[in-house]
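Asks: Below are the chains, spelled out letter by letter.
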Amino acid sequence: MKTLIVIREKDYGWMSSFFPGVHPLVVPICNKPFIEFLLDFAILAGSTAVRIVSDGSLNSVEAYCETGDRWGIELGYGSIRQNDSDETVMEKNRLFCSEDRVLVINGFIFIRYADKAGLKSFFAETSSGSLSRCSSGSIELTGIPEDVSAAPGTLPFSLTDLHSIDSYYRLNAEILTDYPSPYVLPGYSNEPDCHMGRNVVISKGAEVIKPVVIGNNVQIMKGAIVGPSAVIGSNVIVDRESTVSRSIVLDNTYIGEQLDIVGRIASGNTLVDPETAFLVSMEDPHLLAGMNKAARRQGLVLIRYLAHAAIALLLILLLILPYLFFRILLSVTAKWQTRAVTFYGANEGKSFTSALPSISCGGTTCSLFTRLSLDRFPMFFHVLAGKIGVIGSFPLEVKESGHGETEIFSGYRPAVFSYAEAEDWPADAGESAIVERYYAVHGTPAQDIVLTVKAFLNRMHPGEQE
Amino acid sequence: MMIRERNHNGVTIVMPVGRLDSSSASQFMSGSPSFSGNGKIVIDLSEVDFIDSTGLGSLVGIARKKREQGGDVRLACLNEKLRKVFEITQAFRLFDIYDDAETAAGRQG
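Chains V and G supply the protein sequences, listed in that same order.
Those letters in the first sequence? Residues 106 to 571, per our numbering, in order.
Those letters in the second sequence? Residues 309 to 417, per our numbering, in order.
No lab work stands behind these hints, which were simulated from the structure alone.
We treat Cβ as the ideally placed atom computed from N, Cα and C, and that holds for glycine.
Treat the hints with care, as some may be off.
To be verified - Some chain V residues well away from chain G (every beta-carbon gap over 12 angstroms; in silico):
no. : residue
1   : Ser-159
2   : Tyr-218
3   : Ile-330
4   : Ile-464
5   : Arg-542
To be verified - From the structure, some residues in chain V lie toward chain G, with a derived Cβ separation under 10 angstroms:
no. : residue
6   : Ile-185
7   : Phe-201
8   : Asp-205
9   : Glu-502
10  : Val-503
11  : Ile-539
12  : Tyr-543
13  : His-547
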């Protein structure tokens, strides 16, 4: 048997505000990424091959699951489009689905089961069709059963909707208290209801009350109380005399001294009340804070900065005289104005403002001004300051409505010139983002130099673009 | 670059062979009369072993042109390397991608 997991952005969109930048399939449930629960179920149902398809990016899921060797299955990935019907999804995956029975898990749902051993025979004997459905998804079976003579059994599983932060919170609590648990949870478990990861330090005077799941590299300091019903992620410090009960603390979180976290979800410096979905960011790092991961590829970042700064400096030296000439000329004729524009920066929550020239003239003067990229001249100084690159993504303007934030994609690197300009791609934001993402992964500082020259020349000869 | 063409249910299936990069993209874009007009075409990428940003640009360009003229482009048979490029760049959001060219061609949409 094979399993097709279909997950759409509209089903998990609500998660992005609570788990920014984390794909819902790798969001932990009791410290175990959600996708692992689905894969466990598929394997117990008798699947040897699984394909995950989505209308959103599966990069982080693929980085985590790879080819499925860890589970002894063949794991593949595919893409669908936002408005594809279930029938179209099956057609797009025709080769995968053609020769076998296929279990289709459709939607953002958790599958609960008690009897692990009975799943395989159930799916082998059950006729094809829709088996179970809930508001967030469904489970279907296609193909001919192996044993057609067997009588249909009762459904050995049920579906749990994952449609809100409250449903996520309650699911964690239910799994934690499920006994005996049919799910394999990470960590070692010397006694029921208690799962401990590696390198967990529990200081004298600290108390751990079951049921709990604790991840790797966790410190529980003197006088702290963890549990009951607590899920503590990896790389977490629960400082002195703090209490964490009926709560979920996600990875890389510091819980400050004498802080009581009860019935909440803590992640970095944010605290969520699951019942009301109210989210608060703590400003005081001594109370609640995110813990930085190790610095990544600092060397490469420095080399990239040096290359970009060198080109920016060169272009400043080349263009400063024409810029000053135009500025004086247009100021005299009262056609020179500047406009302060704020753009989203490369790092989340950061922005930068640039006073860009806005000239009100037509004809050759205006054309020459733009062709020489003098309209972007002040931005070169932001490159020297390390705020932006000389080539990267089209900088997205901060709008009062906040609408622009939705267009920011992973790998967004605002710059004076864009890769789309260098490659003559259309100015359409959706299409140009493709080439920007391509170079965000495949680009090198040397390529950046070549592409900056190309972008500069392409702007100089706009007629030759498509 | 070599470009093969076949027909299935009245739909042209175009199959480029080799690398789809800056050296072959313009040749590819002008390589088939079916790239213009309002019909549906399928581009079978099973024989493309490398694609770069220019190659992607050529596919986007063909799709844009076809859609402007009321036609459509579907892609089929992406190998693992190509699928990863489409995944990283999220180019999959612009195309209907099928496991096999015949299914892509078979259904009129």
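Asks: With reference to the structure, classify each hint as holding or not holding.
Replies: Verification of the supplied hints:
1. A cut-off of 12 angstroms between C-beta atoms contradicts the statement that Ser-159 of chain V is not in contact with chain G; the least separation is 9 angstroms.
2. For Tyr-218 of chain V, the shortest C-beta to C-beta distance to chain G comes to about 30 angstroms, beyond the 12 angstroms cut-off, and the non-interface label holds.
3. Residue-level check passed: Ile-330 of chain V sits 45 angstroms from the nearest beta carbon of chain G, beyond 12 angstroms.
4. Every Cβ of chain G is farther than 12 angstroms from the Cβ of Ile-464 of chain V; the closest lies at roughly 31 angstroms, confirming the non-interface assignment.
5. Arg-542 of chain V, annotated as away from the interface, has a beta carbon of chain G within 12 angstroms; the closest lies near 4 angstroms.
6. Look at Ile-185 of chain V: its Cβ gets to within about 8 angstroms of chain G, closer than 10 angstroms, so that hint holds up.
7. Using the Cβ-Cβ criterion of 10 angstroms, the hint placing Phe-201 of chain V at the interface with chain G is satisfied: the shortest such distance is roughly 6 angstroms.
8. Taking 10 angstroms as the C-beta contact cut-off toward chain G, the hint placing Asp-205 of chain V at the interface is violated, the least distance being around 14 angstroms.
9. Taken as an interface hint, Glu-502 of chain V does not check out: its beta carbon lies about 21 angstroms from the nearest beta carbon of chain G, beyond 10 angstroms.
10. Annotation: Val-503 of chain V was flagged as interfacial toward chain G, and the flag is violated, the nearest CB pair being 23 angstroms apart, outside 10 angstroms.
11. A least Cβ separation of about 4 angstroms between Ile-539 of chain V and chain G falls short of the 10 angstroms threshold, and the interface hint therefore holds.
12. The criterion of a C-beta within 10 angstroms of any C-beta in chain G is met by Tyr-543 of chain V, whose closest approach is roughly 4 angstroms, and the hint holds.
13. Given hint, His-547 of chain V at the interface with chain G, holds; its Cβ is 8 angstroms from that chain's nearest Cβ, closer than 10 angstroms.
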